[in-house]
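Trainee: Residue numbers (the working numbering), protein chains in the order written: chain R, 54 to 297; chain B, 54 to 297.
Honestly, the hints are just simulated from the structure, not real lab data. Nothing here was measured: the structure is a model prediction, and the numbers come from that model. Here a beta-carbon is modelled for each residue, glycine too, at the ideal position from N, C-alpha and C. Hints are supplied without guarantee of correctness; some may be wrong.
As the list claims (entries may be wrong) - Label pairs and their in silico Cβ distance ranges:
hint	chain 1	residue 1	chain 2	residue 2	range
1	B	R99	R	S219	26 to 32 Å
2	B	S160	R	W195	33 to 39 Å
3	B	Y283	R	D156	21 to 27 Å
4	B	R99	R	W195	44 to 50 Å
5	R	P90	B	S160	27 to 33 Å
6	R	E158	B	Y295	16 to 22 Å
7	B	D156	R	F105	45 to 51 Å
8	B	D231	R	S219	36 to 42 Å
9	B	K200	R	R223	32 to 38 Å
10	R	V101	B	D266	49 to 55 Å
Stated by the list, open to error - List time: in silico BS3-like cross-link candidates among lysine-lysine, alpha-carbon distance up to 27 Å:
hint	chain 1	residue 1	chain 2	residue 2
11	R	K200	B	K228
12	R	K103	R	K128
13	R	K292	B	K228
14	B	K228	B	K262
15	B	K292	R	K129
16	R	K200	R	K292
17	R	K56	R	K103
18	R	K56	B	K292
19	B	K262	R	K200
20	B	K221	R	K292
21	R	K129	R	K103
22	R	K221	R	K200
23	B	K292	R	K111
24	R	K56	R	K128
25	B	K292	R	K221
There are 2 protein chains.
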Amino acid sequence: MMKHRIYIVGMGPGREDMMTGEAIVALEQAEVIIGYPVYLKLLGERFVGKEFLSTPMKQEVTRCRMAFEEAEKGKKVALICSGDAGIYGLASLMYELLSEYGDCELSVIPGITAANSGAAVLGAPLNHDFCVISLSDLLTPWERIEKRLRMAAEGDFVIAIYNPSSHKRRDYLQKACDILLEIIEPERPCGYVENIGRDQTSYGVCSLKQLRDTEVNMFTTVYIGNSTSYVVDGHLVTKRGYQL
Amino acid sequence: MMKHRIYIVGMGPGREDMMTGEAIVALEQAEVIIGYPVYLKLLGERFVGKEFLSTPMKQEVTRCRMAFEEAEKGKKVALICSGDAGIYGLASLMYELLSEYGDCELSVIPGITAANSGAAVLGAPLNHDFCVISLSDLLTPWERIEKRLRMAAEGDFVIAIYNPSSHKRRDYLQKACDILLEIIEPERPCGYVENIGRDQTSYGVCSLKQLRDTEVNMFTTVYIGNSTSYVVDGHLVTKRGYQL
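Isolated chain R, as found in the complex (with noise of 0.2 Å):
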């Protein structure tokens, strides 16, 4: 028997233009697709005349179970997430029910992540190894995250960092800013970068002691440079280790 295929479609920060083809096709050839509310919503009206469905925050167990549940019902359907739906999304919790669902299969369509969208705003702040850090404590023992930004300094990585600050989290970019102080100094250049690729992006650079204070939301992708991180010009850049 054919199995169901659902696509785990990753959509990039928001922009049409900021998606692959693949992912509009797979949305074109959706007869229903699922996701949080405020994404459905960026699609926009191209994609009219298809079935949304949506549940709130914090029910992404129950996204997940209507994707395959509509799909057993003999629907072509996609699963939409903001960025690269593998990167902080639902991918893998997808993966995870599969074995309930022996009639569907999974395709992974990969999106442009915030970390390398906000990049190209702010310069080339990734252009050598780095770290992706979410400072979101729901799902993660905040232990485990301190361990991880130490770890990061320790080895010269560039930090791009997710999730630095919600209402009930209001002091957590701080909080991780004074253990990477431990460890980097106060000089370290870092940025910013807001709503990206939406209306209103704003991004700004700044020293490690400034990031400490600087306002951020849920909205904002925070950057940590490397040893060799410079700004030139208002941009966050770190040398790949060219002659020139």
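Chain R is already provided as a structure; the job is to place chain B on it using the hints.
Mentor: Coordinates of chain B only, in the frame set by chain R:
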């Protein structure tokens, strides 16, 4: 005076439908497209009529200067890189040279980097905090790479490895695995993907111990799972932490 804007374009893994809309537009609007010969060839016949310029490998500085010089002649220039131009690409080198060309400015257009596109093929290995490390010691001292491998393992990051091998560095993945095996158990699930988004994409999953003796090449991206990664149905998946 209006400055000459140079677009530094990430073309993704190679297939046109894995490029973003804005990357395609930047190439369509360019009069001159500059890149490494292999990538120019991958663009295929879509951009017939453009002027194509290239320099061989290890002549990246010359290639970047060529972009500035063409732009200064008043031509619309796009410099292409595989994957994301800001991830081991030429974006940072362009920023380093920018001050020498005062009437030019830069825009980086992000693309799907191999870490993301390979992860989508393998399953969902990067679905939690991760590091990206290149094993190429052409521009980076090996000791720094070694330190980063250790810190990534200590921090329980998923690790994506670029440039795991080349003609002159046949045993580098082996050396890297030996370092990781000092910290990580030999049974840790790993994976690799070759020729992502091109003909004959292949992938596999294995243990860290098996990875040590796996033959890879410069077109392979390698993944080392974290302590929650597991293999399901031939796919490598890292748990995000949802309660099922």
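Trainee: Determine for every hint whether it applies to the structure shown.
Mentor: Results for each hint:
Judged by the Cβ atoms, the range 26 to 32 Å given for B/R99 and R/S219 is violated: they are separated by roughly 43 Å. For the hinted restraint 33 to 39 Å between B/S160 and R/W195, the CB-CB distance of approximately 38 Å keeps it satisfied. The hinted range of 21 to 27 Å is satisfied by B/Y283 and R/D156, whose Cβ atoms lie roughly 22 Å apart. Between B/R99 and R/W195, the C-beta spacing of about 49 Å keeps the proposed range 44 to 50 Å intact.
Between R/P90 and B/S160 the beta carbon distance is about 32 Å. The supplied range of 27 to 33 Å therefore holds. Distance hint check for R/E158 and B/Y295: the Cβ-Cβ separation is about 20 Å, which falls inside the suggested range of 16 to 22 Å. For B/D156 paired with R/F105, a C-beta distance near 48 Å keeps the hint of 45 to 51 Å intact. Checking the proposed 36 to 42 Å range against B/D231 and R/S219 shows it holds: the Cβ atoms sit about 41 Å from each other.
Range check, B/K200 to R/R223: about 34 Å between beta-carbon atoms, so the 32 to 38 Å window is met. Checking the proposed 49 to 55 Å range against R/V101 and B/D266 shows it holds: the Cβ atoms sit about 53 Å from each other. Taken as a hint, the R/K200 and B/K228 pair is honoured in the structure, with Cα atoms around 25 Å apart against an allowance of 27 Å. Under the criterion of a C-alpha separation no larger than 27 Å, the hint pairing R/K103 with R/K128 is consistent with the structure, at around 11 Å.
Simply put, R/K292 and B/K228 have alpha-carbon atoms about 25 Å apart, close enough for the 27 Å limit, and the pair holds. Between B/K228 and B/K262 the CA atoms are separated by roughly 12 Å; this keeps the pair inside 27 Å, and the hint holds. Of the supplied pair hints, the one linking B/K292 and R/K129 holds, its CA atoms being roughly 26 Å apart against a limit of 27 Å. Distance check on the hinted pair: R/K200 and R/K292 sit about 26 Å apart at the alpha-carbon level, within 27 Å; holds.
Annotation: proposed proximity of R/K56 to R/K103 holds, straight-line Cα distance about 22 Å (limit 27 Å). At most 27 Å may separate the alpha-carbon atoms for a hinted pair to count; R/K56 and B/K292 meet this at roughly 24 Å. Simply put, B/K262 and R/K200 have alpha-carbon atoms about 25 Å apart, close enough for the 27 Å limit, and the pair holds. Under the criterion of a C-alpha separation no larger than 27 Å, the hint pairing B/K221 with R/K292 is consistent with the structure, at around 24 Å.
Restraint check: the Cα-Cα separation between R/K129 and R/K103 comes to about 10 Å, which is no more than 27 Å; the hinted pair holds. Between R/K221 and R/K200, the direct Cα distance comes to roughly 21 Å. Compliance with the 27 Å bound is thereby established for this hinted pair. Between B/K292 and R/K111 the CA atoms are separated by roughly 16 Å; this keeps the pair inside 27 Å, and the hint holds. For the suggested pair R/K56 and R/K128, the alpha carbons sit about 12 Å apart, so the restraint of at most 27 Å is met.
Annotation: proposed proximity of B/K292 to R/K221 holds, straight-line Cα distance about 24 Å (limit 27 Å).
In summary, the structure is inconsistent with hint 1 from the numbered list given earlier, while agreeing with all the others.
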